[in-house]
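Q: Sequence:
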Amino acid sequence: MSHPDTLPGQLLTALLGPGATGPRLTWYGVHGERTELSGRVLGNWVTKAANLLVEEADAGPGTVVVLDLPVHWRTLVWALGSWVAGAQVTLTSEDLLEEDEDADAPDVVVTSRPGESPGEDDAELVLAVALPALAMRWDGDPLGANVVDAAAELMTFGDQLGYVSEPESTDLALVTENLEVTYGDLAGWATGAAEEDDIDADDVDLEPGYEDELDTVDDSDDDTAAVAAEDDDIEAYERPSAAPVRALLAPDDVADLLEQAVRTWHGGGSVVLVEPGLPADVRRRVAADERVEARP
Numbered sequence: 517m518s519h520p521d522t523l524p525g526q527l528l529t530a531l532l533g534p535g536a537t538g539p540r541l542t543w544y545g546v547h548g549e550r551t552e553l554s555g556r557v558l559g560n561w562v563t564k565a566a567n568l569l570v571e572e573a574d575a576g577p578g579t580v581v582v583l584d585l586p587v588h589w590r591t592l593v594w595a596l597g598s599w600v601a602g603a604q605v606t607l608t609s610e611d612l613l614e615e616d617e618d619a620d621a622p623d624v625v626v627t628s629r630p631g632e633s634p635g636e637d638d639a640e641l642v643l644a645v646a647l648p649a650l651a652m653r654w655d656g657d658p659l660g661a662n663v664v665d666a667a668a669e670l671m672t673f674g675d676q677l678g679y680v681s682e683p684e685s686t687d688l689a690l691v692t693e694n695l696e697v698t699y700g701d702l703a704g705w706a707t708g709a710a711e712e713d714d715i716d717a718d719d720v721d722l723e724p725g726y727e728d729e730l731d732t733v734d735d736s737d738d739d740t741a742a743v744a745a746e747d748d749d750i751e752a753y754e755r756p757s758a759a760p761v762r763a764l765l766a767p768d769d770v771a772d773l774l775e776q777a778v779r780t781w782h783g784g785g786s787v788v789l790v791e792p793g794l795p796a797d798v799r800r801r802v803a804a805d806e807r808v809e810a811r812p
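Heads up: the sequence shown begins at 517 in the working numbering, then just goes up one per residue.
Wrong hints could be hidden among the right ones.
To be verified - Label-pair ranges, simulated between beta-carbon atoms:
(1) ALA668 x THR537: 21 to 29 Å
(2) GLY704 x PRO760: 13 to 21 Å
(3) GLY700 x ASP769: 20 to 28 Å
(4) LEU659 x GLY793: 24 to 32 Å
(5) ASP772 x GLU669: 22 to 30 Å
(6) GLU572 x PRO648: 18 to 26 Å
(7) THR707 x ASP637: 23 to 31 Å
The hints are simulated quantities; they were obtained by calculation from the structure and are not laboratory data.
In this text the structure is predicted, and so the values were computed from the model without any measurement.
Glycine is no exception: its CB is placed at the ideal position from the N, C-alpha and C atoms.
With these hints in hand, go ahead and build the complete structure from the sequences.
A: Right under this line is the structure:
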């Protein structure tokens with residue numbers, strides 16, 4: 517079927533359309549990981565996630581998906597997959613779920629810490645997400661009987677989007693402790709003016725041997741040339757104003773990550789995401805290597 521006529525559906529169409537072989541998401545982790553996803557690979561992951569949620573949890577408008585994941589590239593996959601399916605993504609704490617009597621009980625919990633995740637006991641479906649770059653199955657402690665290995669299960673679903681129920685513009689897309697965003701509001705995210713600031717380059721000592729551990733995991737056909745960072749400050753890579761940007765994102769939380777990524781992708785750009793805690797010196801080198809514009 518065609519993709520839903522929502523902003524997430526339009527983003528999925530763009531990821532799989534012209535230019536799909538180019539990089540759209542690059543991840544740098546604190547343990548030396550580098551993962552690069554082309555538009556097609558990212559779009560396929562999102563499609564598989566949406567299909568899984570619909571087939572296994574009958575996800576659609578009104579379905580509550582608790583996203584208990586850190587700032588990470590896999591978090592973007594599950595958020596976009598939930599939105600393509602028309603579901604509500606909830607970023608919340610266990611205290612809020614317990615204290616707010618009006619809070620919707622989760623239908624699905626997507627978590628990197630099964631057994632500790634808020635709302636897990638009440639959810640119909642619990643998905644355990646392994647975070648390492650090449651993980652194709654859960655790599656932690658044995659999973660409970662009611663917990664599904666998200667990575668292994670995801671690979672069994674198709675790359676073509678199946679049936680999804682399209683949400684109304686007033687349906688909730690994202691709920692946090694301080695924020696409610698409807699599907700209509702997502703368009704405001706995408707078109708909002710982005711302030712361009714340099715990444716905070718605090719004086720952080722580089723860990724011994726860290727740069728030797730910064731190996732490459734590349735899921736696209738393109739190679740990225742290494743460029744030495746010679747300046748102390750990150751400088752914006754100059755591009756024509758009309759050209760899509762390659763934006764370096766260093767968000768403090770998942771809500772910020774989602775907004776910044778949606779804005780960048782809506783403009784046809786590419787996201788370079790760095791994990792919180794990546795040393796400042798390494799972030800400077802990433803910015804030079806990837807030739808990116810720093811985003812707030």
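Q: Now tell me if each hint is right for this structure.
A: Evaluated hints:
Judged by the Cβ atoms, the range 21 to 29 Å given for ALA668 and THR537 holds: they are separated by roughly 27 Å. For the pair GLY704 and PRO760, the beta carbons lie near 20 Å from each other, so the given range of 13 to 21 Å is met. Checked against the given bound of 20 to 28 Å, the beta carbons of GLY700 and ASP769, roughly 23 Å apart, stay inside it. Distance hint check: the CB atoms of LEU659 and GLY793 are about 27 Å apart, consistent with the given range 24 to 32 Å.
The hinted window of 22 to 30 Å between ASP772 and GLU669 holds, with their beta carbons roughly 29 Å apart. The hinted range of 18 to 26 Å is satisfied by GLU572 and PRO648, whose Cβ atoms lie roughly 23 Å apart. Checking the proposed 23 to 31 Å range against THR707 and ASP637 shows it is violated: the Cβ atoms sit about 40 Å from each other.
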